[in-house]
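The listed protein sequences correspond, in order, to chains A and B.
Going left to right, the first sequence walks through residues 1 to 157 as this note's numbering numbers them.
Going left to right, the second sequence walks through residues 1001 to 1638 as this note's numbering numbers them.
Incorrect hints may have been included.
[Stated by the list, open to error] Below 20 Å or equal to it, Euclidean Cα-Cα: the simulated EDC-like pairs (lysine to aspartate or glutamate) are:
id, chain 1, residue 1, chain 2, residue 2
1, A, K95, B, E1290
2, B, K1332, A, D21
3, A, K95, B, D1588
4, B, K1332, A, E100
5, B, K1158, B, E1331
6, A, K95, B, D1571
7, A, K95, A, E107
8, B, K1320, B, D1199
9, A, K154, B, D1576
10, B, K1591, B, D1538
11, A, K18, B, E1331
12, B, K1591, A, E98
13, A, K95, B, D1589
14, B, K1591, A, E100
15, A, K18, B, E1290
Treat the hints as calculated values from the structure; they're not laboratory data.
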Amino acid sequence: MLENEATLEIQHLIRDFKPGDGDLLAALHRIQHHYGYIPKIAMRVVARQLRLSEARVYGAVTFYSEFRLIPPPRTLIGWCSGPACRINGGDNVRKILEAELGIAMGENTDGDRLGLHLAQCNGTCEHAPQVWVNGDVVGPLTSAETVRLVRDLKDRA
Amino acid sequence: MARYDELRAAADAAWQPVAEPRRPLFMVSINTSSISSGARATLDALRALGETHGFDVMQTGDTGLAFAEPVVRVVRPDGPAVLYGNVTAGKAEAFAALAARGIAKDHAIAIVDGPATDGVPAIGDLDWFKIQTRWIMRNCGEIDPDSIDHYIARDGYKTFVDCAQMDRDELISVVTGSTLRGHSGSFFSTGTKWKFLKDATAEPKFLVCNADEGDPGAWVNRVLMESDPHLILEGMLIAAYASGATYGWIYIRDEYPLAVERMTRAIEQCRERGILGEDALGTGVRYECEVVRGAGAYVCGDETGLISSINDSRGMPRIKPPFPAQQGVLEKPTNVNNVETYAAAATLLRIGADTYSTVGTEANRGTKLFTVSGATARTGCVEVPFGTTVNELLAAVGGIRNGRPFKALQQGGPLSGLLPGSVAGPLPLEPEPFRPLGAGMGGGGLVFLDDTSCVIDLNVMTAWFLEDESCGRCTTCRGANQRMLEIWKRTARGEAYERDLALLESLAQSMQYSNCFHGSLSPTIMRNTIAHFRDEYDAHAIEHRCPTKVCPELIVFRVVEQAPAVEQAADICPTDAIVREDGQWQVDDAKCIRCRACKDVAPDAISIQDRFAGEAPSPAVRRAAVAPLQVPIMERPL
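Bound conformation, chain B alone:
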């Protein structure tokens, strides 16, 4: 403990100016979301102002409030700490003048450390925060992610030092008993995985942190890496002690450059302070690690694909067994967990299994991070207890925007499913309730759809993504995804074949024989769509009509009013499809690409109509609706 106490004393001194600032301290969230809203310019502007106005400025991570970025927290020696949103550089000067002395009401989101003041609510009273239990995200937005001192001053690496004094089997049994399972969407017992590695006989043993968060619409791991990188390293150190691993790789997707930067810096800081290396903090644990930057391949999120990628190869998943715990990186025993799982393990061990089990459900204790996007009023990242229902979460983020209906939930990326709002809404967020519905909960991404979205169009996108990202090794996955894409494309054109539903099911069945989840779970969204959105499928397939007027080949654009705005519409049209003939504006359908730019500038004069309105549906296709859902008979034997 002596080495830890030394580090802690230095860290406490560095943390003091943040915990108890002598003059106002502006904490600017710098993360991928806030940067995309201009937070770097805000940071620069505030730094320049701070010199003349007498306040300090520091960066912090991600509070999860993506919708309100750039977010700034202001801590004052003589008043409450206040969380502010939408502090763009242009507003920084006016904002700073108010926020340094009192409350800048136009930007105020909440009082962080006290009761409601001057009409600004206390943070715990806001729906967004009320629903949350921020254990894993405890440091997110609270510390400078580039400062190891901040992390240590808030009990960082103490859990590791404590764990390293425990018996290894006992430590693993605490993790197993906590019900902690892989937060990536696999939900395999973390303690059991660690035990597999501990029991492996070959040496050396390795750890991999899966930070290849490829599910579109999910960014929980990015929030953690950008806000609290040391928490992930501490989780890996604990796993290293428990399992006997001596080296680790943190495989981060290429789309997360800031996470790469912050994790790399965190590793360097750990080396400097003797937390990584031969004798971690005097515990006798020998462990080193490095960051590997991915290069854009969804299938590397599969653990064997990821291992292939580290092993100087294309990231192609392979058949299991051998499991990674037998043969992983460089053919040595390897344990793969994702970012949030390592972070959750460190969190669980810090607060203790008893406290950890006070929230969540019987089968899934503790908390889980979710990112919310799509048609919701607010977009961002929250941490809620397992078992919180989808509807509760949706209400806390302000519901569907503009009061529209909750049509569907696309949860957990393209392999986990698409459920109608009426079915998904009451579901508790934990993996089990999703399974009987032929779906999964996934790793944390929740994309909400309102009634303006077309589920057939979403299937076209999903099928394209799955086909594009298939590694190509298994014919079942590569070939079936190509066929599925063709089928969805023709459905979206209103040209579905009579046998398509049976063909889709046949493809789905053969895909079960793929090596990895990419293949076997590819049919999930497709099956959910057929089961729950049959009306919308039939509208496309039988009536050649897209009820939401999204699918481009089932709609036409018409000039319905010879208004002056049509001239602007003609100007904006990227293909010059709006032409004037005999003094009358009209849309040249052959040129029109259905991009809606004209509708944006002339909403009343341009109308979007069904392309095949009034035409009788073709009898051949009509039979598709009544054709039984069976595996088709091969017309030509192979």
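One chain only, chain A, in its complex shape:
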């Protein structure tokens, strides 16, 4: 691997992680926290630092749903897939988000302005059905409120 500014920066970022010490998740979290996603080159740097194969690092990154391989959108809408949301109309919320934005879960709109993320229940079920706009819970949402919310987000994006 050729050293360049990018690899040196990543190297510096994860310099305190050691091989054989259970540090992989922590290293990946730090990279995602810094860049907003896991750039391809970062997986190579992590593999070298922790003395793992690149395939193993890639396997882990793609195993976990919270690691992103594409840059985050400016506004990330997380859709809760939990049961309390579902029985209160959560699937209608999903259909509206996808129809209004013209994208599926895990995708970004053009120019990375808005993106959808399939999220898991975090137990704030008093707001079911809910979405998280850049981490902030919005809910409970009726279908009509969801349409208004997503149109408003589109206008502001």
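The hints should help you fit chain B onto chain A, whose structure is shown.
The following block gives chain B in isolation, referenced to the frame of chain A:
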């Protein structure tokens, strides 16, 4: 004890202003639930007001009253302490003016430390609290979770110091004798697990705290971590002494950032005070630990999946044996308990086995935390004795909302089951009564369904979740969950095959051979549904009809009234499916995605109808109802 006494003296001094405040003290619940209701803004608003109005403000954890967040407790030197709810930032000023001097009635939930006053009930008289025995949750909402002093001042870490003077086998036998079993849903004897680790010969030995609470609809461990992080650390320290472990990992799911923050801070505080490290509080116990943040994988809740995840890998469970007590993290002997189990162990040892056994049932003494959500009047977290019935718990949280019937209970996450209200209602909350029903009690999540929910739709969701979260290692789990999802999807479309019930059972049987519980328990909800909701299955499969009008491919939306509201409905429709032809509004069925936005804005003008109303059911599918439930004959041998 000398080092403990030193810490305790400092802690008592720090606790004094909370225990006996000189001026009104506003304790604002800051937890994931309250933050989602705007509690941080409430905290900021009250802090600003406190300076001018002469009261103090502090944060606290989670009282479990998710439905009433933001929750604020006000303690006054000259009056009763009062618990308030729904204190949003916008109402903070008016609220503070009243609550600092008397009782702000509009927000009052209960008097915490005295009899009913001015029409506000005493806390013990409220159904929500009357049913509870808050032993494990004793500090929840009472202390600042970021203050180790508050924890120590309320006898924190004293149990550990006392336990460290006991013989290790004796200590383990107290835990074993208490009937304490894993609160995660596995219900394996905690004392026995600790003994396995103690008896393991390899060194070093490790502890893992499973805080990967992935069951959707369960957040009991989040409440504990966000409200009383030191209780969990104390439980782990006791387990470390009992088993000889020297290092621990607390594996917290990514969805709980505040729990990560608070547990991490608690660990740092313990290091500063010599509670973690070479010689914990002078007891000779050497123990250190760290937080590992998960990254979104349900199957990491399985102990071997979790261990793989810590070991720099994908979180794929593996075959047992070897058991974690033989080969766990870094191939060393490891004990895995979940958050609530460590907390319950510390609680049990604090109050003593005799007191602990005064509540609960013969087989399951003590208490258990449950989170209640779905169609209930109130949502939140409660701690009740084992053996409390589902109906008793449901009544205490206000029953099903709007007085609707209790159709079903989805307890303990997607692997534990779905039971009709008539069957689940009388069940005592402990694992044994659920087993003969082909279900489990699970780890604390209770999702209630009313008669507006479709159990077939719930199966589609569950099957999707289980398929999505399968690690993929066992073909039985990966492949069968894919097939189950297909079957439930076509059932929800009204296109079930004649042999589907037999196919489902065949899949269920092969899934028993999966390595971990994710595979072997995946068919639970499906089997419960076939056993208890056969009518609803048949309505979908044979009549192509969704009785609750939820399943999108079995319903149509129609304009039944040419009212002005339909124009608004046309505006709100995300797919422009409401069109006007020859002056008449109608729904273009090909465009309609059945999202119900139109029904929200024009409830009377839009009607949801059965898509195949009046059409004769197909004869091929009709036979499905009478086809015997047997393993199917393979048409094409493999």
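Verification of the hints:
About 41 Å separates the Cα atoms of A:K95 and B:E1290, which puts this hinted pair outside 20 Å; it is violated. For the suggested pair B:K1332 and A:D21, the alpha carbons sit about 12 Å apart, so the restraint of at most 20 Å is met. A threshold of 20 Å between alpha carbons decides the hint, and for A:K95 with B:D1588 the separation of about 17 Å falls inside it, so the pair holds. Between B:K1332 and A:E100 the alpha-carbon distance is near 52 Å, which puts this suggested pair outside the 20 Å criterion.
Of the supplied pair hints, the one linking B:K1158 and B:E1331 is violated, its CA atoms being roughly 33 Å apart against a limit of 20 Å. As the CA atoms of A:K95 and B:D1571 are separated by approximately 17 Å, the hinted pair is consistent with the 20 Å bound. This hinted pair checks out: A:K95 and A:E107 have alpha carbons roughly 14 Å apart, not beyond 20 Å. With a C-alpha separation of about 18 Å, the suggested pairing of B:K1320 with B:D1199 holds against the 20 Å cut-off.
Under the criterion of a C-alpha separation no larger than 20 Å, the hint pairing A:K154 with B:D1576 is consistent with the structure, at around 17 Å. Restraint check for B:K1591 and B:D1538: not satisfied, since their Cα atoms lie roughly 28 Å apart, outside the 20 Å limit. Distance restraint check for A:K18 and B:E1331: the Cα-Cα separation of roughly 17 Å lies within the 20 Å cut-off, and the hinted pair is therefore satisfied. In summary, the hint linking B:K1591 to A:E98 is supported, as the alpha carbons are separated by about 14 Å, within the 20 Å threshold.
Between the alpha carbons of A:K95 and B:D1589 the distance comes to roughly 15 Å, so the proposed pair stays at or under 20 Å and holds. Pair hint B:K1591 plus A:E100 holds up; C-alpha atoms about 13 Å apart against a cutoff of 20 Å. Restraint check for A:K18 and B:E1290: the C-alpha separation of about 15 Å stays at or below 20 Å, so the hint holds.
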